[in-house]
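**Student:** Chains as they are written, first to last, in this note's numbering: chain A, 1 to 254; chain B, 1 to 401.
If you are wondering where the hints come from, they were derived from the structure by calculation, not from laboratory data. Quantities reported herein were computed from a predicted structural model and do not represent experimental measurements. A hint or two may mislead.
Unchecked claim - Here are the simulated DSS-like cross-link-like pairs (lysine-lysine), alpha carbons at most 25 Å apart as the crow flies:
1. A:K209 with A:K170
2. B:K260 with A:K170
3. A:K170 with A:K198
4. B:K7 with B:K308
5. B:K150 with A:K170
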Amino acid sequence: MVHERASAPGDSGAGTPPPARLAIRCQGVTKVYGQGTAAVRALRGVDVDVYLGELLMLEGPSGAGKTTLISIMAGLTQRDGGQCEVLGRDFAQMSPQETTRFRGNNIGFVFQALYLIPSLSATENAAIPLLIAHTRRAQALRQAAARLEDLGFDARMRNALPTELSGGQKQRVAIARAMVHEPRVIVCDEPTSALDGKTGHRVMELLRKVALEENRALVVVTHDERVLGFADRIARMEDGKVRRIDTPTSLSTG
Amino acid sequence: MIRIALKMLLSDRAKYGALLFGIAFTSFLVSFAASYFAGMMTQGCALISENPGVNVWVIDPAVRSVDLTIDMPASALGRVRSVPGVSSAVPLTLASTDLRFPDGRFQPVQVIAVDDATLVGMPPLRDRAGLPLLRVTGSVVVDDGGSIGKLLTPVHPKDTWPMEHSGAHSGEEARTRHLRRGDEVLANDLLVRVAGVSDGLPRYPPRPILFTTRSTAFQILPPERHRMTFVLVQAAVGVDANKLAASIEAATGFRARSSKDFSTDTVLWTLAHSEDTGDAVTMLSIAVLVGFGVTGVMMFLFTSENMKYYALFAAMGANMRQSMGMILAQTGLCALLGTGLGLGLCILAGQLFSHAGFPFLLAWFAPLAGVVAVFVVSFAAAGLAAWLLSRMQPASFLEGR
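Isolated chain B (complex conformation) (with noise of 0.2 Å):
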């Protein structure tokens, strides 16, 4: 009877194509969905993911996330570097000011400030003979961090402010490239050359960021007390991270986090504070939710379609058990097939979503999401379609009722 029932449910290509686009489409939404969050989420992490030679980092006690913080007095890096275990530790300060490029134009940056002597804290440059030239002053290095097309300076000369002969004082917009080495942008009315451009993780939410080192950043930034926001820890040999931030907490005063936790700490963060998660979290359920009705809908349809020959088999003898065998096998294929071509699906627009930047990471609870989403509407519907079954009446076809 199996076989009969997947025969009854191939034959109709139309139908079948159909059901398997809906539930196709589901688990691509869902898993897609969870995989473009699971993304976003990461992205907020990537400065950290940045760092992966860096053991424990040092924070205010009030910081929660890598992204939300205030400055620890200077005094916090020599603390930190005499707790036992502590390998080295270096400033890393993160505050943000204003980008003015050649045609006038601005943008606000995240500044990156790292150690002058080590340059901890630096992702890979495009252009690797950039990197000593960060160490002389007034250079940093660009990175996009997500964004599009926002470090952009004008191509041709006459186009540089204040622009006399050009094109925008006629409302044209003047043609731009991207920054690179060797040019010249005003940060905070301070002028800086360009030493390289970095292939650093793109940001949530995207930013263009400056990276240079802390006695530039200085010079660019407006004087504060406090200038230092992380302290980067790298323990010492056979030194467990965990124990190291309990023991630098315990010394210093200071919050320490082993980077997996600091990550996980700013994922709970922004789930609970962000409102661009809770507006993401809303469109991808609205989304979502359309997946499972479209799902449900045709599952429940086409199995209340075959309802007359349900009846047929139950007047032929057959009982609730074969009849839901049967139901169980249409909706298990349906699913299994469609839930394989979303995830495949979801797969593709992943690498696309990834090369052209946008958050997407195929964490291993996006598939099973998907797979859970499918099987729960499929299931269900199939459940509703049973309760139908149950109280149907096998002659109620037999005399056109």
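Okay, chain A solo, but in the shape it has when bound (with noise of 0.2 Å):
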């Protein structure tokens, strides 16, 4: 099931534009860590939804319950209240290896720690999500590096270990083994936090476009307010709710 809505995001209303089509839609969801005394109610009744085409930014404090929002959406933790459909399918119907399956074929993931494995140069960094897939491995390398191409990668970039990158280098060899098994949603865990403004910057730009023009959703949890521009809109959370919901241009007219 794909929901739709009338107006695009990042469209002020202008003209008519055609319906965006619901990526992720979560009601209502909970999730606690811990028992009894020790209890932490991470999320107390999130509502959200993503759009394919959409960038939304997850913006708030240190345990405003953003990372395990976006654990949730994307299969890695299992809720413990309310609904969340991803893509129209709900991971609480799903066995472990079907959600793992779903992951792998249909999520792609920028981790803030980047985790790209020292000993694999670039391009099989960037293959992992495909090696994972059973692609042969000469066609998972051709994707990568074609996918790292598309990213400014040069040939001798392509063939060096992470250990050799620059620190914007890196997250682009992140972003390309984000998106190299073409999923429909990524989701990124503070993409720009160890980078410096500039950096950060060319990174936003760049999963913007690479993203958003396939018409994927793309859920990006940040504490920068520097890129909070980029975003088509901006979810504001506060002690495991979603306070309110902005756009850039509330933000600056705000």
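Join these two chains into a complex; the hints should help.
**Tutor:** Next up, the structure:
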């Protein structure tokens, strides 16, 4: 089941926009870590939708539940309550094997710590999702190399180990890895936190360009106020809830 | 993914090297311990191995080991010779006495007294010319029997007993050399002349040996009612040793064992009764357990250190089977290479040990023990890591938990 809405993200309402397809719908999502007096209520009923072709940023202080929310959206963590559908499927209704397979096919990740494997070249790192999906090695490497080339990597950089790359280049490898298997949803956990302002800007431009041009849904967790302008919508989280949803325009005028 | 797993393994050279070292160490330790033990057991059967021409050993019915014997009456020889299928039967006597060297030192030795006529039971001599001399009354052949520095005689006549002018009086050690043909020593206070030095197999436990004829031995040894420890039987052509042994037992009432069975009896008896064996097994077991611990812990640490990458793979869609395949590929490669290195090292060390006269026999089960030990410990460690993997939530590292 794919829901549609009347206006596209980032569109201020001018003209008649095509209906945007719903990628993720979360309603009343709750999550509690621990038990008894040690229990921490990470999410207290989150309602948020993410559309294909949209970049939604989750912003808020530490402990607001941003990472927990994207973990649930990506099927890495089971929610305790509420509803959450991703591309029309509910992880709660899937077996662990189905969840893993669905994640492998439909979701890309850019992690805060990147987790590039130090012993693999940039191309091999980017090819990992394809190799996991049993794509033949040569083809996987070809596709990964092409994706890296799109992101501005020359042959030397493609063969370089992560230790030989700059922070921005590593981030681009992580982006290529998140997209190489053409997922419909990409989740990014603080992708610019370790980068200087200029590099962070470039990375966000790139993410926005390569992700949204191909009609994907992009959910980005960030603390970085400087990159909020790249979002179509910004979900403000606090104490495990989405307090309000803004657009960059409303932020600048507000 | 297997290639990625192997790259992950091989790229971290320090850890990989340490891992290989640990596994090679375990493999070496286990196979070396097994070989050393096999060597010890084989040396326990040295007397049997030294006499490949003997098909059947006839002994007192209570004897279970070549090393713990009681003599039979002299009539046993005739009774054995009368059994059909026996080609030849000769007596062999084991005893012990003290040797006294010209400088006054003494040394307990094992006496092996062979048949005067055939000299069956004599190991090869370093100098073949000495063998006929053995038939001269009062002649002996000496053998280290795996011991070191126990058959020494002084170099200088001044150091001979009673040593009026020797350095020994001033507390200095006299210079000595190994006994050789022509030297004289006292055996149970009877002067005997060394006819040669033999190249017998080392014994377990090591002991110096005095080979001589039974007639000379009876002059050296105190009189006893019975002085025949074994009857060494050669089977007639076409007669099976086991069947002949059974016939001898039936006909004489003595115990008769084929060489192979007697060796097995000896090994089993040693395993069951020798305190040395227990001590050796305990020490070697401790060493092996240390090796196990080192390898197991290192394998486990390596896998658990990579757990974040396995979590990453799981987040990206890798199933348990793929992750396990990667862990097993890493474990398998380490185990294979480490085992190979360890076995190679074991063979080299074995060569050195053998040349130095220590017990070492690389029997078929020694490398197998090494391989099995390494694979058991490696895959146990991998199994433990897999258990952690199965309990791991892919989100845990994303959330910093």
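**Student:** So, against the hints stated earlier in the document, which numbers end up violated here?
**Tutor:** Going through the list in order, the structure violates hints 2, 5 and respects the others.
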